[in-house]
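Model the placement of chain B on the given structure of chain A, informed by the hints.
Protein chains in written order, with this note's numbering: chain A, 1 to 422; chain B, 1001 to 1230.
Worth flagging that the hints you see were computed from the coordinates, not collected in a lab.
Since this is a predicted model, take the numbers as computed values, not measurements.
By construction, the Cβ of each residue, glycine as well, lies at the ideal position given by its N, Cα and C atoms.
Just so you know, not all the hints are guaranteed correct.
Output of the computed footprint for chain B on chain A, the stretches with three or more beta carbons under 8 Å from beta carbons of chain B [claimed, not checked]:
1. 231 to 242
2. 266 to 274
3. 302 to 314
Partial list, derived from the structure: chain A residues whose beta carbon lies under 8 Å from chain B [to be verified]:
4. D45
5. M247
6. T248
7. L253
8. L277
9. N286
10. Q290
11. V291
12. I293
Chain residues, written in single-letter form:
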Amino acid sequence: MPPAAGRWRGAVYCAGAGVRILASLLGAGLLGLPIGLVVAEPGRDAGSVGALLAAGLLLLGVGLPVIAVLLARADRHRAVALIEGIDEQLDPELVGYGEASWRGPRTLVRPLAYTVVVLTLGGALVVVALVAALGSIVAMISPFLTAAGDHAVIGPITITTVPGSIVAAVVGVGVLAVPLLVAPTLARRHAAFAIGVLISSEQRLRRDLAITARSRARLVRAFDVERRRIERDLHDGVQPRLMAVSMTLGLALTEMPPDAPGRADVVRAQEQARQTLAAVRDFVRNIHPQVLIDHGLAAAIGELADTLIIPFDLNNELTQRLPPEVETNLYFCVAELLANVVKHAGAERAEIHLHTPRPGVVEIGVGDDGRGGAGTRAGTDGGLGGIADRLAAVNGTLQIDSPPGGPTMITIRATTPDGGQR
Amino acid sequence: MTEGQQTAPAIATLRVVVAEDNALLREGLQMLLERNDFAVAAAVASADELMGIVPQVHPDLVITDVRMPPTLRAEGLAAAVRLREADPDLPVVVLSQYVEQSYVAELLDSAHGVGIGYLLKDRVSDVREFTQTLRRVHAGGTAVDPAVITQMINRRRDPRDRLTPREREVLEVMAEGHSNAAIARRLVISEAAVVKHIGNVLMKLELPPNDDQNRRVIAVLTHLRGEDHR
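Isolated chain A, as found in the complex (with noise of 0.2 Å):
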């Protein structure tokens, strides 16, 4: 942001924060009236005093706490929009960090400490601010007093000159200026303490793991987006040229006699440009198969079983579509178990079954006869940590029921964002 308006931005945190420390100080004398009038008026009988005292101390224990709140609650949301540019309170969507409760001393610690340091040491700088301000404003009067023939009394000065009173004048609009160059910075200082201190390290632990999760399926999503770019461009872009220069190869050939030189090395370009062909259409296979958004999840997951090298149930309930990222990111997750399967169980049948346990949920169970022992091979998950990244994007589990010596079946399920209602 431009330096201007960091500025404004800090000097309007500044006084805001200002206000508070003032309205909090207010709210804690009036606690303590009680006490002030022990002080202040000496010379009562010791059963007033007592009385006043623990008035004025029950009144403290029970009203700073609720101030300690409401200041620390008001200052957090603040200096959280500051430092970090979010507004928890605008919207509930975002990552927050949740609320500082009433109750309960551990979650009380932190806003009462908070609030002992900021008003004494912020409302000793207020005080300083507003007493530095009020002067400033009477300087910046005081030419048009002396004009008048008065004059003005800022602090130990007393002023009665024209000449003098410019001065002054200059000098408070000077004063006046300060604030607004340290204001970005002492806005920074502290929001950086509120946060220090009223922020718990379980909470931000907590909020951390929330964005971590929500960057997370944010990742793959993208991953899938990007997927499917590359296999159109590969489909749009370099198949059509391939085939083209196949066909070119291939219309040489009718017009070349059965003898002509150079026939064999033109029956070989097309046989490269074909083998070329057969790998590019695997390749855009893998990266994103156009059947799963013509066809759906069971019949995409049905051709992906067909290129096993071992046979395959697959029994399919589910008769609706599912939404595309929620197929995309079960396809994939089938696509590892089953070359897990094929890589490391040792099995000689798999089986797959789709369906729907209840509305808005779909479940998917991958099963094989061989050896066992899913998830638990050292050194390796056994592509299992992809599954997970892939189940995180759509709220889904993975259950792995995978004995040593097998059977083993493991279980994915994903819930549909619109309760599957399509």
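Okay, now just chain B, sitting in the frame of chain A:
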């Protein structure tokens, strides 16, 4: 390939409509067809145009890409299915990048499998083979790409009826719509061997013996597909 003489008996020029969204391929296809005794009545770039032009020009054969604008999904295939619904006798060849059998299934479902072809685009480059396949489909034949057949056979779940490599080869060539004699030539085996292998294939798939080359292809395809609709 062996009888490739330039002085072949005059063959009827077939009028075709070509639908392919990629200009490079569309033009290449057009050139290839026109050099090989086909007349391109229209070459269009989208499924909508295809649906519009066919009733106007009444082609002998339609050749369409699977994936076309605007959605870039299987629009060409859907158009082929609709064209067949409107005119079940219209021969249609679908060119595709996909070996996935669910695309073939969509086509077979619509048409009783008569006069249809589903080929990977790569096949176009083998010009003579490709044009012969077009003519076979025009004559009411069925042609499914060998790569798709391979995948269909993979879906066989019962190891009992696993085909031998030779039987698979025979089945794949047969699914392209070839006669026994043509299969024998392609695989360089005797025609008697072909008959034996086909008999074995049909038996393993528990299909009745069938000498009609079209009907047996459809029977085999239907059977192989039946597996995924359990």
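Against chain B, run the beta carbon of L277/A and see if the smallest gap drops under 8 Å.
Constraint on L277/A satisfied, holds at 5 Å.
Three residues minimum, CB to CB under 8 Å: does the stretch 231 to 242 of chain A make the cut for coverage by chain B? Let me know.
As far as the stretch 231 to 242 of chain A goes, the hint holds, because 6 residues have Cβ atoms under 8 Å from chain B.
How about I293/A: closest beta carbon in chain B under 8 Å, or not?
With Cβ-Cβ at 6 Å, under 8 Å, it holds.
Does the closest beta carbon of chain B sit nearer than 8 Å to the beta carbon of D45/A?
93 Å, violated
8 Å C-beta test of the stretch 302 to 314 of chain A against chain B, three or more residues:
Held - the stretch 302 to 314 of chain A has 10 residues with a Cβ nearer than 8 Å to chain B, which meets the minimum of three.
Mind checking the CB of L253/A against every CB in chain B and telling me if the closest is under 8 Å?
7 Å, holds
Tell me if V291/A is really an interface residue toward chain B, meaning its C-beta lies closer than 8 Å to one of theirs.
For V291/A, the interface hint holds, since the closest Cβ of chain B sits about 4 Å away, which is under 8 Å.
Is the shortest C-beta separation between M247/A and chain B less than 8 Å?
Holds. Min distance 5 Å.
Given a cut of 8 Å on the nearest C-beta pair, is the interface hint for N286/A held or broken against chain B?
This hint is violated: N286/A lies away from chain B, its Cβ roughly 13 Å from the closest one there, beyond 8 Å.
Let's test the interface hint: is any C-beta of chain B closer than 8 Å to that of T248/A?
Where the cut-off is 8 Å and the nearest Cβ of chain B is about 7 Å from T248/A, the hint holds.
Hint Q290/A vs chain B: min CB-CB distance below 8 Å?
6 Å, holds
Quick check: the stretch 266 to 274 of chain A, covered by chain B? Criterion 3+ residues, Cβ under 8 Å.
This one holds; 3 residues, not fewer than the three required, reach chain B with a Cβ under 8 Å.
In terms of the numbered hints stated before, the structure departs from hints 4, 9, listed from lowest to highest.
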